[in-house]
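Residue numbers (my numbering), protein chains in the order written: chain A, 32 to 210; chain B, 32 to 210; chain C, 32 to 210.
Everything labelled a hint here was simulated from the structure, so no lab data went into it.
Be careful, since some hints might not be right.
No distinction is drawn between identical chains; accordingly, a pair holds when it is met within one copy or between any pair of copies.
Mimicking DSSO-like on lysine-lysine, the simulated pairs with C-alpha atoms at most 27 Å apart in a straight line are [claimed, not checked]:
no.: 1; residue 1: K135; residue 2: K159
no.: 2; residue 1: K46; residue 2: K159
no.: 3; residue 1: K135; residue 2: K46
no.: 4; residue 1: K192; residue 2: K46
no.: 5; residue 1: K148; residue 2: K159
no.: 6; residue 1: K96; residue 2: K148
no.: 7; residue 1: K192; residue 2: K135
no.: 8; residue 1: K46; residue 2: K148
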Amino acid sequence: MAYTLQQLSDIEDIKLVKHRYFRGMDTAEWSLVEGLFTDDVTVDYRGGGYRVQSSGKSEIMTFLKNSFHSDAVAMHHGNMPEITLTGDDEAEGVWYLFDIFVDKARGSQTVGSAIYKDRYRREGGQWKIAHSEYDRIIELVGPLASDTQISVHWLATHGLKPEERQDIRHLITFEANHG
Amino acid sequence: MAYTLQQLSDIEDIKLVKHRYFRGMDTAEWSLVEGLFTDDVTVDYRGGGYRVQSSGKSEIMTFLKNSFHSDAVAMHHGNMPEITLTGDDEAEGVWYLFDIFVDKARGSQTVGSAIYKDRYRREGGQWKIAHSEYDRIIELVGPLASDTQISVHWLATHGLKPEERQDIRHLITFEANHG
Amino acid sequence: MAYTLQQLSDIEDIKLVKHRYFRGMDTAEWSLVEGLFTDDVTVDYRGGGYRVQSSGKSEIMTFLKNSFHSDAVAMHHGNMPEITLTGDDEAEGVWYLFDIFVDKARGSQTVGSAIYKDRYRREGGQWKIAHSEYDRIIELVGPLASDTQISVHWLATHGLKPEERQDIRHLITFEANHG
Chain A
32 MAYTLQQLSD IEDIKLVKHR YFRGMDTAEW SLVEGLFTDD VTVDYRGGGY
82 RVQSSGKSEI MTFLKNSFHS DAVAMHHGNM PEITLTGDDE AEGVWYLFDI
132 FVDKARGSQT VGSAIYKDRY RREGGQWKIA HSEYDRIIEL VGPLASDTQI
182 SVHWLATHGL KPEERQDIRH LITFEANHG
Chain B
32 MAYTLQQLSD IEDIKLVKHR YFRGMDTAEW SLVEGLFTDD VTVDYRGGGY
82 RVQSSGKSEI MTFLKNSFHS DAVAMHHGNM PEITLTGDDE AEGVWYLFDI
132 FVDKARGSQT VGSAIYKDRY RREGGQWKIA HSEYDRIIEL VGPLASDTQI
182 SVHWLATHGL KPEERQDIRH LITFEANHG
Chain C
32 MAYTLQQLSD IEDIKLVKHR YFRGMDTAEW SLVEGLFTDD VTVDYRGGGY
82 RVQSSGKSEI MTFLKNSFHS DAVAMHHGNM PEITLTGDDE AEGVWYLFDI
132 FVDKARGSQT VGSAIYKDRY RREGGQWKIA HSEYDRIIEL VGPLASDTQI
182 SVHWLATHGL KPEERQDIRH LITFEANHG
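So here's chain A without its partners, still in its complex pose:
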């Protein structure tokens, strides 16, 4: 069984949406990221000591902007997509994340992985993220080594400054580690 040309095109375009999401998040290109979500997007991110549940593009954009701010040294590589078309304008995707996160204010470093399970919907000819959830697979947390220098930090200049940030703690449940 072969895919149709339309199906292969859709798979490529859905991959582009998620690629842009990760790139836009780590570079604070928020206008790019905003265009990748449906208005009614929902997320459920189950991490080490946290769970993020949010719905609606506006709330999720607030969460992202205030997570990847000027004190966040962040890299998110979402790899190995498994895209399944479930309808003419609907699809599901599985992605495997590797991420590095340094919190400059706290001096902490997190290295981890996660499996994303997403749903996509085509609206006005554009594939968009309608739902995204992940479970952490590994997560290693420690202090950033005192002899490590942050020699490049894009978000320092592009991310929200302390005085520009909003409180997003109501979107996060801090849990005991469930590793």
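Given chain A's structure and the hints, the job is docking chains B and C onto it.
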């Protein structure tokens, strides 16, 4: 020269097989992984201090289950596929691995890369891994830093517990480092 | 809108070019890498404390061979491609890099990310890299931990030995960190 629709479909499906392999291995979804191998699959993994040579799906599944067990904190990202169709039902693939492995029992951490060279065969309409080998390109080994906390560890609950494990040392040749 | 078969084929082939580039660079397969560039290729790499500007295949090959030499422990994973066809024989690509670099002579370790913006041109039926530039997004630099062992190091045997190397400092501008 363009690929045919069938060829592009085959390339996408072969990528999915390997993506599922890495995801299944790191999450101990062994029924998923088992379906990705031909019965006569062979492997030859040439690492830093080890070489794994094994043949047959059953033996290789034993190796995997007993390597990625409840003390293994593992992430394998196989990226940058180069798939070449070599026949209607045969293909080759090159992949570039990045992996992190923490052995909780030993307190050691390995970070490394490897180049995979695989062969695939279509059986009953499904692409499967018929042969897989890799050479390590870089491998860095040291103790897990004492101030690093493992805050999520999926295999701790999903991987084989000590009393469930089998001895697989006969599948591994421990070598002097050949880096 | 669907892509044509030719467009999807071109996108796959362009991905292969960049995949081979990263693999060839980290394994010193210079004859492979050389075939991936147009003769008039230009690069502009904006890193933490450096900027590399170079033009012409010959000069860029000299730069690469003398950067990824026998003291370089290197891994470059270029992921999440966003390929845009801009003409029958022209295309652009965005890639998100994750890299690890240990300088054995200096005992330093760099972990970082970068966004590549490339241009590709088809010549004689082969897609090639005509221009490549990147900006670092994060870069963490420190000493390699004294208790970390380099247990595999492919370039030690495949990369240029000290007496084989050429001076490439004229291609690099060393800057104050602009992170």
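Margin query: Hint by hint, where does the structure go against what was stated? Just the numbers, ascending.
Written below: 1, 3 and 4
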